[in-house]
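Colleague: Heads up: the sequence lines are chains Y, X, L and D, in that order. The first sequence runs 1 to 487 under this note's numbering. The second sequence runs 488 to 665 under this note's numbering. The third sequence runs 666 to 1339 under this note's numbering. The fourth sequence runs 1340 to 1691 under this note's numbering.
Do not rely on the hints blindly, as some may be mistaken.
[Stated by the list, open to error] Residues on chain D that point at chain L, a partial pick, calculated with CB under 8 Å: (1) Val1544; (2) Glu1549; (3) Asp1550; (4) Ala1614; (5) Ser1620; (6) Pro1624.
[Stated by the list, open to error] Calculated lysine-lysine pairs in the BS3-like style (CA-CA distance at most 25 Å, straight line): (7) L:Lys979 x L:Lys952; (8) Y:Lys143 x D:Lys1552; (9) D:Lys1628 x L:Lys1295; (10) Y:Lys136 x Y:Lys150; (11) D:Lys1552 x Y:Lys150; (12) L:Lys934 x L:Lys982; (13) L:Lys938 x L:Lys982; (14) L:Lys1131 x L:Lys866; (15) L:Lys1294 x D:Lys1552; (16) L:Lys1212 x X:Lys620; (17) X:Lys620 x D:Lys1628; (18) L:Lys1120 x L:Lys881.
Please keep in mind that the hints were generated in silico from the structure rather than gathered at the bench. Given the structure is predicted, the values throughout are model-derived calculations rather than measurements. All residues carry an ideal CB built from backbone N, CA and C; glycine is no exception.
Here's the letter readout for the chains.
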Amino acid sequence: MSGEILIDPITRLEGHGRIHIFVNDEGAVDRVYLQIPELRGFEKFAQGRRAEDMPQITSRICGVCPMAHHMAGTKTLDDLYHVDPPPAATKIREMVYDAFMIEDHALHFFFLGGPDFVVGPTAPKAQRNILGVIGKVGLEIGKEVIGLRKEIRGLMNEAAGKAIHPVFGLPGGVSKQVSPELRDRFVAGAAHAVEFGRFSLQLFRDVVLSNQAYMDLVLSDAYTHRTYYMGLVDEGNRTNFYDGRLRVVGPDGTELLTFAANEYLDHVGEHVEPWSYIKFCFLKDIGWTGFEDGPDSGVYAVAPLARLNVSEGMSTPVAQEAYEEFSSTFGGRPVHHTLATHWARLVELVNAAERMGELAADPEITSPEIRTIPTETPTEGIGVVEAPRGTLFHHYRTDERGLITSANLIVATQNNAARIALSVDKAAKALVHGTDVDEGLLNEVEMAFRAYDPCFGCATHALPGEMPLIVEIRDPRGELVREIRRD
Amino acid sequence: MSEAARIQTDAPDRARPTAERAFEPKIVAFFCNWCTYTAADLAGISRMQYAPNVRVIRLMCSGRLDPQFVLAALRDGADGVLIGGCHPGDCHYQEGNDNALRRFEVLRRMLRDLGIEDERVRLEWISAAEGDKVQKVCDEITEQVRALGPLRLSVPRRVETDETPGAPAPRLVGQEAR
Amino acid sequence: MREPERDRASRPPSPNGGPRIGVYVCHCGLNIAGKVDVQAVVDFAATLPNVAVARDYRFMCSDPGQDLIEQDLRDGLINRVVVASCSPLMHEATFRRATAEGGTSPFHFQMASIREHVSWVTADADEATEKAKALVAGAVRRVALHEYLEPRQASVNADVMVVGGGIAGIHAALTMADAGKHVFLVERESTIGGHMAKFDKTFPTLDCAACILTPKMSQVRSHPNITLWTYSDVVSVEGYTGDFTVRVRHRPRYVIEELCTGCFECIEKCIHKQGKFDDEFNEGLGKRKPIYIPFPQATPSVVVVDPETCIWFKTGKCPQTCVEACERDAFDFEQQETFDEVKVGAIVLATGFKTFDAARAPEYGYGTYPNVYTSLEVERLLNAAGPTGGEPILRDGTRPRSVGIIHCVGSRDERYNAYCSRVCCMYSLKLAHLVKERTGAEVYEFYIDMRAAGKGYEEFYDEILKEGTHLIRGRVAEVTDEAISPEEEGRLVIRAEDTLMGVVRRIPVDMVVLAVGLEPQSDAQEVRRLFNISCGGEGFFTERHPKLAPVSTFTDGVFLAGACQGPKDIPDTVAQAGAAAAEALAMVDRGYVMLEANTAFIDEAACSGCKTCVGLCPFGAIAFDEERKKAAVNEVVCKGCGICVGACPSGAAQQHLFTDAQIFAEIEGVLEYV
Amino acid sequence: MSRPKVAFYWCASCGGCEEAVVDLNEAILDVVEAVDIAFWPVAMDFKVSDVEALADGELAAAFVNGAVRTSEQREMAELLRRKAGAVVAFGACAWLGGIPGLANLSTRESILQQVYRDLPSVQDGDGATPHEEVEVPEGRLHLPRFDDDVRTLDQVIDVDYYLPGCPPPPELIAKAVTALVEGTLPEKGSVLAPDVALCAECPRVDSKPEDLKLQRFHRPYEIVADPERCLLAQGLVCLGPATRAGCGAVCVAANMPCTGCMGPTGRVIDHGAKALSAIASLIEPREPKGVAGLAEELVDPVGTFYRYSLPASLLHGRVGRNGGRSRTERDGEEGAPATAEPAGAARRGGSA
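Work out the full structure, taking the sequences as your base and the hints as a guide.
Modeller: This is the structure in structure tokens:
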């Protein structure tokens, strides 16, 4: 029986999305459309603003990853004003950024995407949340989760002004130096976070790796795509969140190219579809051929899985160990299983924690030399960071007074948008047969989506919003046949 | 709803351009008591005829000017706003007009970015002796705003569902007492 | 739009229920009714919110008109009043009084000017009627929010203070003291007398300055109503109109004033046999000892010890012959600064002027050539009590055979002061006369314009002309000692364009006198701040109104006398000092001052202590309480401009009768109904 | 004792308000103890149907964050209004429009043009832009309309309380929840934060001179700000004097000026205009040229003074950006009943 299934929206993600499933007369899924129904227009109203306000303005694209936008914006200002921050400022930025990666990855694993695994994809809805996680792992450990997050967020508040919508980034440095007392707290926080990372990895091993049903799900074809991957790496081709060159590897794991952020326009294009407000990124070097994977399609992925796929290792010991375990479990890089992203995220969490500890221990971190005052006329700047959800480009042009004339923002989830569309399409095709579907099944379709931790708030710079999950099943003439409310 | 409220909503809106009625701009003026308001009195005493579109609100000093007043006037239906104060150095309160100028200059910068033309919001120094200047400026701003057309403003009001308490007081409509 | 969360100030007090407004539309004969359809305005007013009564009347300002208001108020029909008639500047007071007579606050009233602003200025009758409706609606909307306010007054302290003991201060102090007020006269120097005490003769009558000044000085000294504080200055002024608290510092003179009899034996017996130090009173032309009296008639007649030059103070080793000479044991080398704090109701500032520093105009060679003098130095040379006993002799002891007087030094010159100092022309003529009289020298005057506007001044000018003084019209280019002819050898040459003859002239002279202009005292800005008054661009104190309030300032209770307000000669100074004294007396004698109703006030709970308002107040009416971190308006000092209210970023500052809510209501009123 | 039911919902927001709730940290467990969360899409899988099933007014409170730009958001706001005893506009966007409210400077068309045509990374080609209704081979797809303007929550529904901040400080959230549980909420229309400006809690206030006058305005990148002294006194435009307290002056603690996210205090109608007035009053020059010079240094007054409040401002946005709608149409606009008499007094809280 043919018809349409509309999942509107998907819960427990930051932002707004709907899935429109067309089912043909044979009861098979014809095509799935992932629609992002909103837009805010940051690029437009950025025009006329002071460039130095951009790190604070763009952070409002997303309140979940405000630090990523703040930092990308700040780095763009360095470029725009042709100024290099003093070493201490760079270190402070990276240290605070690592703190952010820790807490954001923890948030996703325990509050948003993780419950799918920790509690189980078919658990009752009232348990598929942080409270369910606490129920599963125990209140003490639940408090541990909350406690670590509190500690790390506290460090961010102190160093960046506010964890949600930071204020400390300025062209040529940061506004506030790190006191010895705060440095000590960073050192302690890093130690806690590393322990927490180890614990989380063990939890993943216990709950997912040792559960054959989960592993079958992870490895199933429904959640596997052979695409390109992009991410920032350091000079040793190891993962770096704050800075470096962009590296792209193909479906077979070989390097396609590397490039500096300011060359992004040569390699990254955005494809517009009339049925979604999101734009779909692709590699210009390959070209847009539609929603398909494989070496001939310019579709690529970013975010933890992609970052591990483009890197040749992690810069810190515990993370390196986890990385090796991750690689060997899946038989080497690249790993094309979308759901492995959850594991990759934990590997990164440990890496960020260790790196934060290294930076906090650097004697220069408390230096008062935190600003280089710009002297040149601003013109154009491009900045990049690895947001938790993937590569984030900011690109501003200004007039001579430093007022924005053009702002281009390519955000993490946008890079992933085409692959997410593929994932949802593939999952639905594998899981949905006919229009007689149940809620657990739909949740599994959603899982394809949630693994990316997509942030459509970011991706469309939209006003994200959540709507109920209502599945409408229509006949080919568009008449409503049935409506499923997931209760 | 009181009688007054009904009459209020039934009242014709002069700002609405209709086929029958050409656009008549409404201008709100904030005049300082000591110079410009006095000059407006002088214009009256001298029987200088000028455009009836300007409604004067008296402030003691142009330094009392709050930019909120200008915006409130525009929001409430004015197509233009005129601010009048003593000439520089002549302020009855020494430096009130300096402050009016400071606020006005920054406000004007901002109003440009909000799509309000410079001609709609003006600051004029008019001394108590310059009745003719009141006449000239009022005529001028009226014509300039008329040429610009109505201010196209669409401001949603705050939603409130509460009943307004209090019945209207009894009223007498008196004839001239003899 | 977002509306304010709450607005305490706008909440009308309702001792007798909500607002019930009476609207009274005046015909003003045909002045209004001839143009405006009064009946239509009344009918319209009746429909407005909270309007309980709407009436019209032929002349609202007449007694029957006012009775209408009073009766409706007394009958309890209304508790607020709007009169639509003439300008509030005309009859606001009238109707406020009527409103008060009716038994409510006079400020429960608002006026709509439909005559000056409508009927007299609008050609079309329909348009006039519409505009009148709009203004009435504005007044109705506003008056509903008027607060209940009582008129307030403050009492005035009967004592007064005069700051500055020159001729202006002396005259003002005597005038007020004679009227029975107690006067505190504060003088910075060790004696009163000011500049006038330095002069030999005064123009145009050429009477002796000392002869007319000295009696007044001793009158001050002996007047039972005057407390004279010399060698003293004002260090702080607090309070407000009618109730100032002034703190005065007395500097040590090391001689107990009450014990010194003015015998000057101590000066005689000083270990320095001769004067050794530059004598300030004589412009440095003479020498004084470390213990001295500026001039013989100094008042009080008390010696001063200068610790900078006294050997005892410098080395601690001196036989103290002065102490020995004093029969009254008046010396006290341990003397310290002392302070007095007094309360006064009014203050007259008579702080005078300083002369232009001639060294700033190097082209005239002052400080370079010893025989270039300032006019004030020559005044001293000509003074019988001066360093040369009245003989204008040069520094080498010779008499000048020719003297050049250069006008407008530091005046009427964009480089220094653009203004005319008003006195230089006349005193230069006076100096020409005196020099000629005493030396027989040829005198050349170089002037730009001869300004002789004053009683007897033009006649004085004619006299001097007749005496044979050479008057050369033209600005002097330079004074030089470079001779180009034998006649110029060893003399000073004044090079000037003679604009009447159209030639450049070189006049060799033995003495050059620079007629320096008058400038504000160098500490005028500090004094201004101390007394919270203002200075004009040139630095003199600003009067409240140049014509109608020439001796008042924007701080009520502070008055100006003499050259601190601008250059002026002695007759004008004395006249102005008398005027200032009279104004101060008028205020003090009445015993109270009415306070503005429309003062600002600060809602303490809403004040964040941001201090935005404090520095904006032109009158210093806002004080910041450092303890409680709140600003507060002194409503007695506040003049009701509302600058602070417009600026207050959190709406904590408001102005009575001009609250934000009232003005917003008026804006809506004038726009919403018509 | 039954726990009060509450709902958390987001309209057009960035998710930062939700994060702020999560930032209650362990206190969130107390909240869960104290109230019955009936609806919280970002963190829990309860659905709208659960809300629809409630009786009108059954929710003790609905905390709604984000501004409103689509009909879905409007419908959701209206549903929650019906179900909730009290609606709390949560955060700067719901209260004042927030940073995305700056979109009221532009037309929707120019936004679409910029995003889908003009940006340099957009693929050249057929020039597709998203449409509200699109035919695809398999059928027809719909997108909600991108409205003409951003509205505050109280321009759409009646709002009882406001929680300020971008995002609201956790302490204020906790206090609001406590007041709800204990039944000690203040009078309707209140902003649940101290009604005093930020200077009251700024540690630098003592260093602010009483007679501050500025010869020029600095931009934050131009100077290294003294970490102890008042930022305004250093020439940086700090909106602290015009902005509500309650955040603990955290931006100032990071040596950056306040940008006004906590909104105005209770007696200010238009945050930007009032802040502008206070800042402009600090200009030292008094002659027109000097004043204009400093005014020019405030290069982006709208972005500076209305950073968070343009939709709530008296002008609501750039005038005339959406073509020929005249002012008088406002009364006919949806969800905006004309207020009763005395209009101004009632709206400004001035009625007896």
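Colleague: Decide, hint by hint, whether the structure agrees.
Modeller: Here's how the hints hold up against the structure:
no.	hint	in the structure
1	Val1544	holds (6 Å)
2	Glu1549	holds (4 Å)
3	Asp1550	holds (3 Å)
4	Ala1614	holds (6 Å)
5	Ser1620	holds (4 Å)
6	Pro1624	violated (14 Å)
7	L:Lys979 x L:Lys952	holds (19 Å)
8	Y:Lys143 x D:Lys1552	violated (51 Å)
9	D:Lys1628 x L:Lys1295	violated (34 Å)
10	Y:Lys136 x Y:Lys150	holds (21 Å)
11	D:Lys1552 x Y:Lys150	violated (42 Å)
12	L:Lys934 x L:Lys982	holds (16 Å)
13	L:Lys938 x L:Lys982	holds (17 Å)
14	L:Lys1131 x L:Lys866	holds (19 Å)
15	L:Lys1294 x D:Lys1552	holds (20 Å)
16	L:Lys1212 x X:Lys620	holds (23 Å)
17	X:Lys620 x D:Lys1628	holds (23 Å)
18	L:Lys1120 x L:Lys881	holds (23 Å)
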